[in-house]
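J.: Sequence:
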Amino acid sequence: MKKILLGSTAIVAAAAAFAAPASAAEKIKLGLGGYYQSVFVLIDEDVADTRTDSMKQEGEIHFLGETTLDNGVTVGVNVQLEGYTTGDQIDEHFVYFEGGFGRVQLGAADSAAYLMHYSAPTAIAGHGVDSPNFFHASQPGTNVLASNYTFLNTTGDANKLTYFTPRFSGFQLGLSYTPSLAAGTGGSSNAYGNLPDNTPGQQEKIVEIGANYVNSFGGIDVAFAVGYLTGQQEVDAAGFDDQEAFTVGAQLGYAGFTFGGGYQKNNMGLQLEDDMEQWNVGLTYGFGPYTVGAGYGYGSQTSGAGVKDELSTLEIGGTYEMGPGVSLMAGYFRYDFDSDLAANRNTSDAFMVGTSLEF
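Each residue of the sequence shown is one higher than the one before, starting from 1 at the first, in full-length UniProt numbering.
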């Protein structure tokens, strides 16, 4: 189960921490980290003229560094390079300050609501029924659902300011502010010039709040999270609205079992009855070097024209850890796109084998 663990003292310690001299601290030195996932997939789907087999890869190289100043404040940098050619070659890139006051993060990274969320667990690296790296089906027609997800990802890696409180008795709060999405969600540097404004349909001044509770009771691991997003239109425009979204998720772990699920409702910044709803549930079991599990996710959204699109995902599979950071994995996936429009329908059955490396 993922955890965001920060300092445990009061926020009022921040002033004293920043006041102390830092002349003896060492300069930041960079190290390397990251992951790489490679899979072979057999696919049988309804969409015509698509392949029945495919090789897929996904990975990143992370440049990581930090130093602790004499005043006890840790300062760090994180730059993530995609391991393949893409329009967003540099993924997340940000700096952070961490101490008894909590953690302040500046740059292109996921929001507090995203990072603190809990959802259905998965036994297969890079997959899952919530926000997967790999998705083995073609999005049909104009179906608006590309995958199942309950993580708040409206701002993606757009440049933002994020603050996490220390964790008190299992509770933690996070807050993110994204001034604009005019540069996209890939985290452009915005170092020269300025960004456009008053674009119809574009959201700005986006505030995201996340909170979670993480604790253990008699061998039972408990995690619960809620998230909220609110944005503003840059300019009032027909068909658009200020964006608002809400998430909730939880996980329970005991004796190798992890059970969890998540939910999101999002108006997508649109008027009329265009709200998107997503939910999922999953169960995994780990024993020795093996982890097996299953999950199910469902999402729906109705367009302003009254067309309802739906997507459900079923996943069954497992992973064998060969050694530190080296795993083999396999799984079966069923994707079912449904819609009021026949052109927006597709069913896909996929079988995958692959490997996941962490370094």
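Bear in mind the hints are in silico, worked out from the structure with no lab data behind them.
One should not assume that every hint holds.
What the hints assert, rightly or not - 20 Å max Cα-Cα, derived EDC-like pairs, lysine to aspartate or glutamate:
no., residue 1, residue 2
1, Lys265, Asp221
2, Lys27, Glu60
3, Lys56, Asp241
Claimed, not checked - Pair ranges (Cβ atoms, derived):
no., residue 1, residue 2, range
4, Phe359, Val235, 44 to 52 Å
5, Gln57, Tyr177, 28 to 36 Å
6, Gly323, Tyr177, 39 to 47 Å
7, Gly201, Asp340, 20 to 28 Å
8, Val235, Pro289, 20 to 28 Å
From a predicted model like this one, the values you see are computed outputs, not experimental measurements.
Glycine included, each C-beta is placed from N, C-alpha and C at the ideal position.
J.: Determine for every hint whether it applies to the structure shown.
T.: For each hint, the structure was consulted:
| no. | hint | result |
| --- | --- | --- |
| 1 | Lys265 to Asp221 | violated (26 Å) |
| 2 | Lys27 to Glu60 | violated (25 Å) |
| 3 | Lys56 to Asp241 | violated (37 Å) |
| 4 | Phe359 to Val235: 44 to 52 Å | holds (46 Å) |
| 5 | Gln57 to Tyr177: 28 to 36 Å | holds (34 Å) |
| 6 | Gly323 to Tyr177: 39 to 47 Å | holds (42 Å) |
| 7 | Gly201 to Asp340: 20 to 28 Å | holds (24 Å) |
| 8 | Val235 to Pro289: 20 to 28 Å | violated (56 Å) |
Taken one by one, the earlier hints fail for this structure at numbers 1, 2, 3, 8, listed in ascending order.
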